[in-house]
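K.L.:
Given next are the chains, with one letter for each unit.
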Amino acid sequence: MSEADLRRPPKWRLPTEWLGILPFVAFALLFLILPTMKIVVGAFQSPEGGFTLQNMVDLNTESIRSAYWTSIKLSLITALLGCAIGFAMASAVVFGGLPKRVRSPLLTFSGVASNFAGVPLAFAFIATLGPAGLVTLWLKTEFGINLRAMGFNLLSFWGLVVTYLFFQIPLMILIIIPALDGLKREWREAAEVLGATGAQYWRMVAFPILFPSLLGTFALLFANAFGAVATAFALTGPQLNIVPIKLFAQIRGDVLGNPNLGYALAFGMIVITGLANVTYIVLRTRSERWLK
Amino acid sequence: MTRVFAWTAFLLGVLFFALPLAGMTEFSLKMRRGEYSFDAYRRVFEDQRFWDTFSYSLILAGATIVFGVLLVVPTAYWVRLKLPQARPVIEFITLLPLVIPAIVIVFGYIRLYNTSSVLPLTGSALGTDVLLTMGYATLALPYMYRAVDTGLRTIDVATLTEAAQSLGAGWITILARIILPNVLVAVLSGAFLTLAIVIGEFTMAALLNRPAFGPFMQLLGANRAYEPPALAVIAFAITWGCMGLIQLVTRFSKHERAKV
Chain A
1 MSEADLRRPP KWRLPTEWLG ILPFVAFALL FLILPTMKIV VGAFQSPEGG
51 FTLQNMVDLN TESIRSAYWT SIKLSLITAL LGCAIGFAMA SAVVFGGLPK
101 RVRSPLLTFS GVASNFAGVP LAFAFIATLG PAGLVTLWLK TEFGINLRAM
151 GFNLLSFWGL VVTYLFFQIP LMILIIIPAL DGLKREWREA AEVLGATGAQ
201 YWRMVAFPIL FPSLLGTFAL LFANAFGAVA TAFALTGPQL NIVPIKLFAQ
251 IRGDVLGNPN LGYALAFGMI VITGLANVTY IVLRTRSERW LK
Chain B
1001 MTRVFAWTAF LLGVLFFALP LAGMTEFSLK MRRGEYSFDA YRRVFEDQRF
1051 WDTFSYSLIL AGATIVFGVL LVVPTAYWVR LKLPQARPVI EFITLLPLVI
1101 PAIVIVFGYI RLYNTSSVLP LTGSALGTDV LLTMGYATLA LPYMYRAVDT
1151 GLRTIDVATL TEAAQSLGAG WITILARIIL PNVLVAVLSG AFLTLAIVIG
1201 EFTMAALLNR PAFGPFMQLL GANRAYEPPA LAVIAFAITW GCMGLIQLVT
1251 RFSKHERAKV
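Protein sequences, first through last, are from chains A and B.
At position 93 of the first sequence (counting the first as 1) the number is 93 in my numbering, and the numbers step up by one without a gap.
Just remember that my numbering sits 1000 ahead of the position in the second sequence, which is counted from 1.
Keep in mind that the hints were calculated from the coordinates and are not lab data.
Each hint can be trusted.
Result set (DMTMM-like, lysine to aspartate or glutamate): computed pairs, CA atoms no more than 25 Å apart in a straight line:
no., chain 1, residue 1, chain 2, residue 2
1, B, 1082, A, 17
2, B, 1082, B, 1162
3, A, 38, B, 1091
4, A, 38, A, 254
5, A, 38, A, 48
6, A, 38, A, 58
7, B, 1030, B, 1046
8, A, 73, A, 62
9, A, 140, B, 1026
10, A, 140, B, 1035
11, A, 73, A, 58
12, B, 1030, B, 1047
13, B, 1082, B, 1156
14, B, 1030, A, 142
15, A, 38, B, 1129
16, A, 100, A, 189
17, A, 100, A, 181
Footprint (simulated), chain A over chain B, 3 or more residues, beta carbon under 8 Å:
no., segment
18, 1017-1024
19, 1076-1089
20, 1096-1105
21, 1215-1227
By construction, the Cβ of each residue, glycine as well, lies at the ideal position given by its N, Cα and C atoms.
Between the sequences and the hints, there should be enough to build the whole structure, so can you do that?
P.N.:
Written as structure tokens, this is what we have:
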């Protein structure tokens, strides 16, 4: 106990109001925090139970490195494209002079599509862009374009990017439309009165205001793609070398031949999604301070 | 000029979303050579495993929703009423499932609750079902908590509580007969969203080895050609139904409020 603690007069009242959140705390501990801690601790344990950094060292193999790199690339690209395309569609609806009628269906559809991830989504894309898919056949018979010969394969990295965009874009639309609604008309008018061009207004007024929500959505989209298992698994099976698929195979059958390396693999996933969110929080506090 | 850009962006987006939906629908009708038919759907519906796994997932979704409501409503209420200082911590915890991937959480479950542990939940089918329900409740926690907390913001929790207490109501009566009816729309929104998440969930069910709808769809996808797109159409309809119900209850509540 430090000196400061000793000087403070002791409070003897039993903090009964904290008992009210006891069930929630117990649930969070048992089914969220302790399981995660188990992974984190296991990542630094040797098979005998002692502390070791060997698992971290063992992660540094060709196959695991390339799995992480592919996963990070996949998440970055789908998050970036998802943000850009979602932003374009959302601003088209909010500012582009599109009829008011399209707005509510777009929001409803985005709610559906952002939840339409996983196994059925993979089926939908196989039926569309797969070897016998609607678009593949149509391009071949009508225009003589052979997607496969052009190097496009749905069961590959770029196929996965296209598929992930189906839930990434709607998620962006859902989050950014309320933010775009928050841009006040007066700000634009004030900027115009002061002689700003449209581009200047976006760069110097609207964008800085939107920056925190853009960044937050980006971090969310990144984590969303990084942890996704079902879509990739149903699309390509166990062969595509990305971290969640590798971890899935490891949990099922210890393919790495070392259970503690599995912990380390999972720990790496937490570190990366955690870093994405810490970056977001830091940049957000910064931009919010600047906004004041 | 802006309008041209806007329409282009919008229509390209619509095309991107319409094509896979058209693709899966068309493919699912192509089972019979040379003509469109509902054969693939008939096959799916004749498969006993479809009904078994679907009802299993539905029951689990129900259990998740009941548990989620019982956990989240009292907690969110209590935090608003008595523990505003705990709010940031609770909110942080409810957002954690968006940061920690589901596969990592379920990996932790498998190692923490295996047969040689203190609480060997994975040792029996019922125990694993409980564990899977808790896992689903964790996945749904961010959405459920957000929905209920937003619902609570629109009512005066302190005044309602004091009024109920001065009439002699206990905590359970207050929660069940005052708070819950007032945030029912929010609770229902959270419930339908939970249903949409749980019904086709793959990772947790597959790794815990339970016969849920998600792993069944994956299995069929690996072995069949025409049934999978039919399943995709069905799954899409279910998701759409859940979102439609959310809109319906929200609209209904606005109507109610307007009358008062």
